[in-house]
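**Student:** Construct the complete structure from the given sequences, taking the supplied hints into account.
This is what each chain is made of:
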Amino acid sequence: NAGVTQTPKFQVLKTGQSMTLQCAQDMNHNSMYWYRQDPGMGLRLIYYSASEGTTDKGEVPNGYNVSRLNKREFSLRLESAAPSQTSVYFCASSSLNRGIYQPQHFGDGTRLSIL
Amino acid sequence: AQSVTQPDIHITVSEGASLELRCNYSYGATPYLFWYVQSPGQGLQLLLKYFSGDTLVQGIKGFEAEFKRSQSSFNLRKPSVHWSDAAEYFCAVARSGAGSYQLTFGKGTKLSVIP
Numbered sequence: 001n002a003g004v005t006q007t008p009k010f011q012v013l014k015t016g017q018s019m020t021l022q023c024a025q026d027m028n029h030n031s032m033y034w035y036r037q038d039p040g041m042g043l044r045l046i047y048y049s050a051s052e053g054t055t056d057k058g059e060v061p062n063g064y065n066v067s068r069l070n071k072r073e074f075s076l077r078l079e080s081a082a083p084s085q086t087s088v089y090f091c092a093s094s095s096l097n098r099g100i101y102q103p104q105h106f107g108d109g110t111r112l113s114i115l
Numbered sequence: 001a002q003s004v005t006q007p008d009i010h011i012t013v014s015e016g017a018s019l020e021l022r023c024n025y026s027y028g029a030t031p032y033l034f035w036y037v038q039s040p041g042q043g044l045q046l047l048l049k050y051f052s053g054d055t056l057v058q059g060i061k062g063f064e065a066e067f068k069r070s071q072s073s074f075n076l077r078k079p080s081v082h083w084s085d086a087a088e089y090f091c092a093v094a095r096s097g098a099g100s101y102q103l104t105f106g107k108g109t110k111l112s113v114i115p
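Residue numbers (my numbering), protein chains in the order written: chain G, 1 to 115; chain F, 1 to 115.
Source of the hints: derived by calculation from the structure; they are not laboratory data.
Here a beta-carbon is modelled for each residue, glycine too, at the ideal position from N, C-alpha and C.
Treat the hints loosely; a few may be bogus.
[As the list claims (entries may be wrong)] So the derived list for chain G, only partly shown, Cβ under 10 Å to chain F, looks like this: (1) GLN6; (2) THR7; (3) MET41; (4) LEU45; (5) ALA50; (6) ARG98; (7) ASP108; (8) GLY109; (9) ILE114; (10) LEU115.
[As the list claims (entries may be wrong)] Pairwise CB distance ranges (calculated): (11) G/PHE10 with F/GLU66: 35 to 45 Å; (12) F/ARG22 with G/GLN22: 33 to 43 Å; (13) G/GLN22 with F/GLU20: 20 to 30 Å; (14) F/GLY28 with G/PHE10: 32 to 42 Å; (15) F/ILE114 with G/PRO39: 15 to 25 Å.
[As the list claims (entries may be wrong)] Dumping the calculated DSS-like pairs for lysine-lysine here, alpha-carbon to alpha-carbon at most 30 Å: (16) F/LYS61 with G/LYS57; (17) F/LYS107 with F/LYS61; (18) F/LYS107 with G/LYS57; (19) F/LYS107 with G/LYS14; (20) F/LYS110 with F/LYS68; (21) G/LYS9 with F/LYS68; (22) F/LYS68 with F/LYS107; (23) F/LYS110 with G/LYS9; (24) F/LYS61 with G/LYS9; (25) F/LYS110 with F/LYS49; (26) F/LYS49 with G/LYS9; (27) G/LYS57 with G/LYS14; (28) G/LYS71 with F/LYS49.
**Tutor:** Right under this line is the structure:
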């Protein structure tokens with residue numbers, strides 16, 4: 001079982017370049033999420049998608065855009081990368097089963113460096 | 001807004017010793033609480049969750065956690081630590097919305113194990 005797959009795993013960008021981080025899940029989950037992880041900061045929610053066709057801002061949305069392409073895929077775009085966006089990005093997904101929220105499942109992350 | 005505090009940034013224990021990692025949360029309603037573990041270079045793996053019911057919850061790898069509403073705490077425990085438990089541990093609280101929920105994470109506790 002693949003679970004949550006993120007591509008690429010590593011990327012180096014120059015300031016001002018754009019990039020799209022890809023995420024796909026094969027668990028038929030309705031909800032998907034993007035987090036960033038910085039040293040000593042834990043994980044912070046960037047954007048989430050409660051269901052196909054909807055997206056909402058999280059705690060740190062500035063400088064990012066997202067697209068819920070279909071039920072499986074949720075992409076994160078950096079239009080003009082800045083050094084402050086150097087981070088490890090995690091995608092996650094979850095479902096609602098008989099009215100009970102199920103735990104979020106995480107991908108292995110994308111390590112992004114912006115020079 | 002909800003928040004999570006993990007007071008200990010780094011803990012070192014000897015193999016075979018007991019472990020308790022502290023977590024305090026702030027949330028207005030009945031919380032959904034989680035503990036995740038992250039090995040270096042990896043994504044997050046769910047250890048256990050509390051949604052309702054029994055306040056002592058069992059998880060994987062011999063971990064357990066106790067929900068104490070009066071203390072707003074959800075501390076993680078293990079009676080005997082193994083060298084493979086060395087990792088970073090994150091406590092999280094969920095805020096529910098329409099068909100989804102958003103996690104707020106603590107900043108993490110890094111566990112080192114002395115052989």
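**Student:** Evaluate each hint against the coordinates.
**Tutor:** Status of the hints after comparison with the structure:
1. For G/GLN6, the suggested interface contact is upheld, since its CB lies about 9 Å from the closest CB of chain F, less than 10 Å.
2. A least Cβ separation of about 14 Å between G/THR7 and chain F goes past the 10 Å threshold, and the interface hint is therefore violated.
3. A least Cβ separation of about 6 Å between G/MET41 and chain F falls short of the 10 Å threshold, and the interface hint therefore holds.
4. Because the closest C-beta pair between G/LEU45 and chain F is about 6 Å apart, less than 10 Å, the hint holds.
5. For the restraint placing G/ALA50 at the interface with chain F, the shortest Cβ-Cβ distance is roughly 4 Å, inside the 10 Å limit, so the hint holds.
6. Hint on G/ARG98 is violated. Least Cβ distance to chain F is approximately 12 Å, over the 10 Å limit.
7. Because the beta carbon of G/ASP108 sits about 5 Å from the nearest beta carbon in chain F, less than 10 Å, this interface hint is met.
8. The interface hint given for G/GLY109 is met, as the beta carbon of that residue sits about 6 Å from the closest beta carbon of chain F, less than 10 Å.
9. Proximity of G/ILE114 to chain F is violated relative to the hint, the smallest CB-CB distance being about 20 Å (cut-off 10 Å).
10. Interface hint status for G/LEU115: violated, as the beta-carbon distance to the closest one in chain F is roughly 21 Å, over 10 Å.
11. Restraint check, G/PHE10 to F/GLU66: a C-beta distance of roughly 39 Å satisfies the suggested window 35 to 45 Å.
12. Take F/ARG22 and G/GLN22: their Cβ atoms lie about 37 Å apart, and the range 33 to 43 Å holds.
13. The hint said 20 to 30 Å for the Cβ distance between G/GLN22 and F/GLU20, and at roughly 39 Å that hint is violated.
14. In this structure the hint that F/GLY28 and G/PHE10 lie 32 to 42 Å apart at CB holds, the actual value being about 40 Å.
15. A C-beta distance of roughly 23 Å is found between F/ILE114 and G/PRO39, which places it inside the suggested range of 15 to 25 Å.
16. For the proposed pair F/LYS61 and G/LYS57, the alpha carbon gap of about 34 Å is over 30 Å, so the pair is violated.
17. Distance restraint check for F/LYS107 and F/LYS61: the Cα-Cα separation of roughly 22 Å lies within the 30 Å cut-off, and the hinted pair is therefore satisfied.
18. Restraint check for F/LYS107 and G/LYS57: the C-alpha separation of about 21 Å stays at or below 30 Å, so the hint holds.
19. A threshold of 30 Å between alpha carbons decides the hint, and for F/LYS107 with G/LYS14 the separation of about 28 Å falls inside it, so the pair holds.
20. At most 30 Å may separate the alpha-carbon atoms for a hinted pair to count; F/LYS110 and F/LYS68 meet this at roughly 23 Å.
21. The hinted pair formed by G/LYS9 and F/LYS68 fails the criterion: a straight-line CA distance of about 39 Å is larger than 30 Å.
22. With a C-alpha separation of about 20 Å, the suggested pair F/LYS68 and F/LYS107 falls inside the 30 Å cut-off, and the hint holds.
23. Pair hint F/LYS110 plus G/LYS9 holds up; C-alpha atoms about 23 Å apart against a cutoff of 30 Å.
24. As the CA atoms of F/LYS61 and G/LYS9 are separated by approximately 27 Å, the hinted pair is consistent with the 30 Å bound.
25. Only pairs whose Cα atoms come within 30 Å are accepted, and F/LYS110 paired with F/LYS49 is accepted, the gap being roughly 20 Å.
26. Restraint check for F/LYS49 and G/LYS9: the C-alpha separation of about 28 Å stays at or below 30 Å, so the hint holds.
27. The suggested pairing of G/LYS57 with G/LYS14 holds, with an alpha-carbon distance near 26 Å, which does not exceed 30 Å.
28. For the hint pairing G/LYS71 with F/LYS49, the CA-to-CA distance comes to about 25 Å; that is within 30 Å, so the pair holds.
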